[in-house]
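S.K.: Taken in order, these protein sequences are the chains called A, B, C and D.
Everything in the first sequence is counted per the numbering used here, starting at 98 for the first residue and increasing by one.
Everything in the second sequence is counted per the numbering used here, starting at 98 for the first residue and increasing by one.
Everything in the third sequence is counted per the numbering used here, starting at 98 for the first residue and increasing by one.
Everything in the fourth sequence is counted per the numbering used here, starting at 98 for the first residue and increasing by one.
Don't read these hints as lab results, they were simulated from the structure.
Relax, there's no trap hidden among the hints.
Computed cross-link-like contacts, DSSO-like style, restricted to lysine-lysine with a CA-CA straight-line distance of at most 27 Å: (1) Lys281(B) with Lys280(D); (2) Lys302(C) with Lys351(B); (3) Lys322(A) with Lys319(D); (4) Lys281(A) with Lys367(B); (5) Lys281(C) with Lys367(D); (6) Lys280(D) with Lys367(C); (7) Lys351(A) with Lys302(D); (8) Lys302(A) with Lys355(D); (9) Lys367(D) with Lys317(D); (10) Lys355(B) with Lys302(C); (11) Lys280(A) with Lys367(B); (12) Lys322(B) with Lys367(C); (13) Lys322(A) with Lys351(D); (14) Lys281(C) with Lys281(A); (15) Lys281(C) with Lys280(A); (16) Lys319(D) with Lys360(D); (17) Lys314(D) with Lys208(D); (18) Lys367(D) with Lys302(A); (19) Lys281(B) with Lys367(A); (20) Lys280(B) with Lys281(D); (21) Lys351(A) with Lys317(A); (22) Lys281(D) with Lys281(B).
Protein chains: 4
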Amino acid sequence: MKTNVSIVGATGYTGLELVKILHTHPQFNLTYIANSEGDTTIDALHPCLTNVISMDVQKADPKDIAEVSELCFLALPHKTSMSFAKELIALGVKVVDLSADYRLELETYEKHYCPHEDKENLPNAVYGLPEFYESEIKKANLVANPGCYPTATLLALLPFVEFIDESSNVFIDAKSGVSGAGKKLSETTHFVTINDNIFAYNPFKHRHMPEIIEKAKLLKNKELKVSFVPHLIAATRGMLVSVYTTIDENIDAKAILKDFYEKSEFVRIKETPVDIKSTAGTNFCDIFVEQNGDALFINSSIDNLLRGASSQAVVNANLMCGLEAGTGINKIAYVP
Amino acid sequence: MKTNVSIVGATGYTGLELVKILHTHPQFNLTYIANSEGDTTIDALHPCLTNVISMDVQKADPKDIAEVSELCFLALPHKTSMSFAKELIALGVKVVDLSADYRLELETYEKHYCPHEDKENLPNAVYGLPEFYESEIKKANLVANPGCYPTATLLALLPFVEFIDESSNVFIDAKSGVSGAGKKLSETTHFVTINDNIFAYNPFKHRHMPEIIEKAKLLKNKELKVSFVPHLIAATRGMLVSVYTTIDENIDAKAILKDFYEKSEFVRIKETPVDIKSTAGTNFCDIFVEQNGDALFINSSIDNLLRGASSQAVVNANLMCGLEAGTGINKIAYVP
Amino acid sequence: MKTNVSIVGATGYTGLELVKILHTHPQFNLTYIANSEGDTTIDALHPCLTNVISMDVQKADPKDIAEVSELCFLALPHKTSMSFAKELIALGVKVVDLSADYRLELETYEKHYCPHEDKENLPNAVYGLPEFYESEIKKANLVANPGCYPTATLLALLPFVEFIDESSNVFIDAKSGVSGAGKKLSETTHFVTINDNIFAYNPFKHRHMPEIIEKAKLLKNKELKVSFVPHLIAATRGMLVSVYTTIDENIDAKAILKDFYEKSEFVRIKETPVDIKSTAGTNFCDIFVEQNGDALFINSSIDNLLRGASSQAVVNANLMCGLEAGTGINKIAYVP
Amino acid sequence: MKTNVSIVGATGYTGLELVKILHTHPQFNLTYIANSEGDTTIDALHPCLTNVISMDVQKADPKDIAEVSELCFLALPHKTSMSFAKELIALGVKVVDLSADYRLELETYEKHYCPHEDKENLPNAVYGLPEFYESEIKKANLVANPGCYPTATLLALLPFVEFIDESSNVFIDAKSGVSGAGKKLSETTHFVTINDNIFAYNPFKHRHMPEIIEKAKLLKNKELKVSFVPHLIAATRGMLVSVYTTIDENIDAKAILKDFYEKSEFVRIKETPVDIKSTAGTNFCDIFVEQNGDALFINSSIDNLLRGASSQAVVNANLMCGLEAGTGINKIAYVP
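Assemble the whole structure, with the sequences as input and the hints as a guide.
M.R.: Here you go:
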């Protein structure tokens with residue numbers, strides 16, 4: 098029997114991706130879609146779904162959700178998300194939260210975002226990076242889906258943390274497709290700003306930096322000195338992360354990486370530098386590594402909207418519901 | 098029980114798309130993949146398939162094909178294709194040919210391509226435009242898959258042929274993504290040539306023009322004066338066709354179009370001009386029409402590699418094997 | 098001695114292009130730049146001008162303009178423009194207006210825009226298409242700079258008007274870079290909307306259609322049946338226009354075109370279809386023509402911001418001030 | 098009186114850019130253009146120059162060059178270049194060599210390229226980075242124009258070398274437009290490979306890495322541990338370089354940078370991260386710097402074909418001929 102699931106936040110790109118995955122998912126039954134206003138249909142919001150999916154979009158209401166679904170995906174802005182999550186958990190609905198609200202420990206969250214309004218559930222939230230938290234996710238009622246930059250960065254970085262000296266800088270040069278900036282209109286997302294261009298933004302100041310540092314510390318018990326510089330590139334989707342750091346030069350980085358992910362269904366170790374097209378449309382994270390003495394270059398690629406958001410959310414939901422991690426998850430890239 | 102199928106011509110973009118569709122097709126079992134040289138694997142040819150599909154790629158041999166499959170997709174250049182098709186038909190294998198070799202009547206073919214080397218099978222080949230030849234396709238052993246430009250053009254044009262005077266010009270301004278030019282290296286497909294650019298090529302001289310004229314005549318018994326101008330645009334995939342012609346101004350073009358495709362699963366009639374992103378990744382053809390007195394603008398969009406080649410080929414194969422037309426065919430576009 | 102000139106409307110793309118041209122113009126001295134708010138500098142508005150040009154940007158005031166300049170470029174929205182033009186003309190300042198306000202005859206203007214507020218000067222405004230109105234421009238105090246679509250269309254179409262039957266449809270399929278939509282934020286100009294995409298907008302309804310019809314009638318005394326369909330393409334700048342119509346099949350279109358523009362400095366007749374990169378950055382209009390019996394395809398390319406706006410405006414100003422048309426006008430394209 | 102100059106290697110992108118600059122240069126007179134085959138014209142090679150520049154293109158011959166010019170630009174592949182340079186120097190012609198042939202010390206060159214065939218002139222060649230070698234360039238007969246990656250990297254890095262410990266890694270993440278790969282056809286430059294994509298190539302192995310190391314050592318007497326990772330991005334022109342390294346955390350990086358380039362006409366220090374559009378079409382190098390404790394991020398942008406090749410070559414020629422560095426050099430970017 099299929100599990101009934103719901104989505105709150107269907108207007109944005111990650112909401113659309115959730116709808117697309119859940120529509121063909123063999124074990125989930127999408128029973129409810131909502132956004133903040135309701136009174137529309139999903140194909141009116143996303144005309145590409147015309148003649149494919151036509152469901153009403155409701156004004157989000159936790160009680161309605163609890164009546165029709167066992168698990169709910171929240172694709173909402175931070176702060177809005179925790180108010181819904183809190184009620185849904187109280188009503189016995191499992192939650193996969195795609196916002197930042199449950200990703201960080203209290204102190205880190207309040208420093209970088211705002212006062213937290215659900216301190217009760219926060220300690221029980223599991224960070225939804227399945228390669229590292231699979232067993233916890235399986236038992237969780239509340240999973241905090243990682244940010245796109247932390248997903249690509251942590252998957253590249255974590256296998257090597259033990260070989261990095263705490264005094265060394267870890268530099269992350271990350272490039273994201275424009276969909277990462279959302280549908281919101283801004284000078285930054287104007288076609289003319291992006292076309293034929295590339296630029297960094299918020300260097301050393303992006304809110305995904307503390308997420309990376311905190312998770313590396315929790316998982317590897319090491320306080321890394323992370324310097325994070327995100328860029329926008331002239332692509333709709335995709336994310337390329339380059340980690341540069343200094344390591345013990347006697348390690349065999351390629352062997353370490355291969356061993357580390359030997360059993361990981363959704364991580365592919367590549368012999369040549371990765372590109373973003375090969376992961377676009379999939380839940381894969383491709384990783385490549387190169388050493389030069391004590392200099393290390395780790396290079397990872399994901400689809401920012403899928404592995405960096407919606408498909409990873411569904412993998413988490415699969416695990417929370419006792420399914421195989423890869424159930425209903427596409428592996429075939431948008432190539433060419 | 099699943100039907101065993103094979104692909105000859107796995108190196109190019111349409112071969113890749115066939116592999117991608119057949120890999121997840123619920124009723125077809127892909128047993129054999131070949132190209133002209135063999136001795137490789139499909140994920141070596143197309144690294145995006147790493148950890149997804151790993152099958153050997155053979156040097157194409159009709160007898161081997163006949164042993165392991167009931168139906169074969171030929172994604173080969175014209176001329177090469179007919180030599181394979183001939184042998185496969187003789188061996189009892191059904192064929193969906195993606196080349197031009199069986200699309201045209203003998204005289205038209207030889208005028209625009211080369212001497213035909215399979216005059217025996219040519220008259221039995223069915224033109225694989227399912228909206229118009231469904232019943233013939235169901236009974237066919239050999240289906241000639243239409244070209245991408247004719248697919249988008251004919252689906253736009255055919256509903257209106259009876260309202261066009263034979264003395265009127267039918268102008269087709271067609272724009273194709275660069276994948277339509279194939280993987281072959283040429284100055285035309287160099288990034289620098291295409292980026293920030295748009296240009297026509299072979300105006301009034303493209304070989305898809307006679308295909309359009311011939312099919313319109315066969316289906317509607319009218320000799321249209323078609324003038325066809327293809328363009329390359331800065332996109333990987335997608336095709337937008339604009340048909341401009343003069344009609345009886347008393348018709349209601351929107352109503353005619355809606356009625357015509359009322360029961361068509363893969364044609365969507367739109368209220369606003371179509372775009373190529375909404376069909377990218379799918380087998381849909383989106384169509385929009387606008388009148389201005391006796392001036393008519395019909396506007397259609399397809400994915401050139403899918404509806405213009407590989408997904409249409411699988412729809413044809415579905416019909417040839419007694420399956421529902423849409424079996425295994427994706428409807429969810431690459432949006433955003 | 099140089100002529101002092103001014104610009105009102107420095108915030109947008111065409112304002113920027115005017116500044117760029119006038120900054121290096123050998124005979125014009127840019128003395129005054131304004132927008133609607135003032136209190137800034139041109140390099141603050143357009144950071145690409147840092148260390149190149151630093152002039153104050155004023156809050157636009159006609160009297161100030163009249164004190165410091167003999168000619169003023171208005172790069173303003175329609176309606177706003179005519180109120181400035183009126184005052185400037187009264188103060189003895191020559192005006193090149195880049196808006197629509199003086200392009201059309203009264204009736205046409207009021208039908209497609211709004212009530213006209215400067216009926217006194219409207220009849221004296223000269224349409225600034227130098228290939229057709231050079232002698233009038235030389236004597237004018239007020240030049241209405243043509244729209245980008247009409248510029249590219251009229252230059253393609255006008256040589257052939259006498260060979261087109263009035264009952265024939267003239268179809269115009271026009272493709273514009275996104276800068277044509279201006280800096281304004283809208284879903285249409287969001288990178289994600291445009292990237293990998295192409296689509297028509299306002300088919301048969303764009304306000305440049307009546308401009309094309311009216312000018313063809315005034316110049317050639319023939320009422321053409323023009324059907325105009327503009328598109329947005331994934332390029333920042335550039336415009337490709339394809340005119341499709343039916344002509345007397347005995348004409349030699351290539352010869353007619355060459356003869357027509359034999360002495361035109363800024364029109365190049367090409368032997369192959371034109372592209373937009375070859376005119377980007379210049380004032381050129383490239384034109385190609387092809388016949389197929391009585392079917393005619395005329396294909397023109399301009400830089401929408403230059404020949405379609407700012408460089409054409411400076412050519413007009415040159416003529417109004419007794420200079421050679423090409424003074425200070427760049428001919429070297431942004432290639433590669 | 099103008100100085101006569103010549104170009105050998107007019108077929109490629111840098112040759113085209115040289116022609117474009119020299120055509121409007123107020124003090125140089127372009128008298129001779131050659132490539133390896135001759136027998137054509139420059140506008141036949143580069144159709145964008147039609148009706149702009151029409152000069153014969155000769156088969157390159159040093160004696161002819163010496164007869165008609167005092168200075169010659171060599172835009173040739175390495176190895177080919179030194180054979181011409183040698184002869185031209187012997188004939189008394191000044192040379193600006195855009196290849197790698199005179200950029201490196203003998204040992205470095207032979208390790209990374211091939212045996213050197215002009216050991217006589219090599220020691221006298223001056224490295225053409227004007228911010229650092231201006232006085233030497235003024236006296237030189239042979240200038241080795243820097244590579245594009247070293248130009249952008251050295252301008253970013255050199256102000257900080259003294260604050261970097263020799264044990265620290267210097268990581269360079271560089272992104273180049275596709276024109277940097279030249280006109281040669283390859284799978285890498287196919288539109289489909291680049292569109293919607295980004296990827297590194299030759300990480301830690303690019304031949305510009307030793308050039309960067311050697312120049313830093315020569316100029317600053319410090320052997321840096323440089324790790325260089327170049328990328329291709331979906332843009333025609335432009336280069337963004339990000340340098341990541343560890344410094345003395347007590348320095349004020351922004352102040353150092355501003356002081357360092359206070360008098361540099363073609364370096365602009367920015368308050369926000371740089372982008373490539375703002376330098377496209379110009380000889381500027383824009384630089385931004387950000388500190389985070391002892392972590393340093395230096396971010397530079399150039400036009401790879403201009404500051405990274407042809408406009409820097411003309412600046413060098415200006416200096417060699419006693420002209421102002423900026424004579425004939427464009428400062429106005431291709432924005433929007």
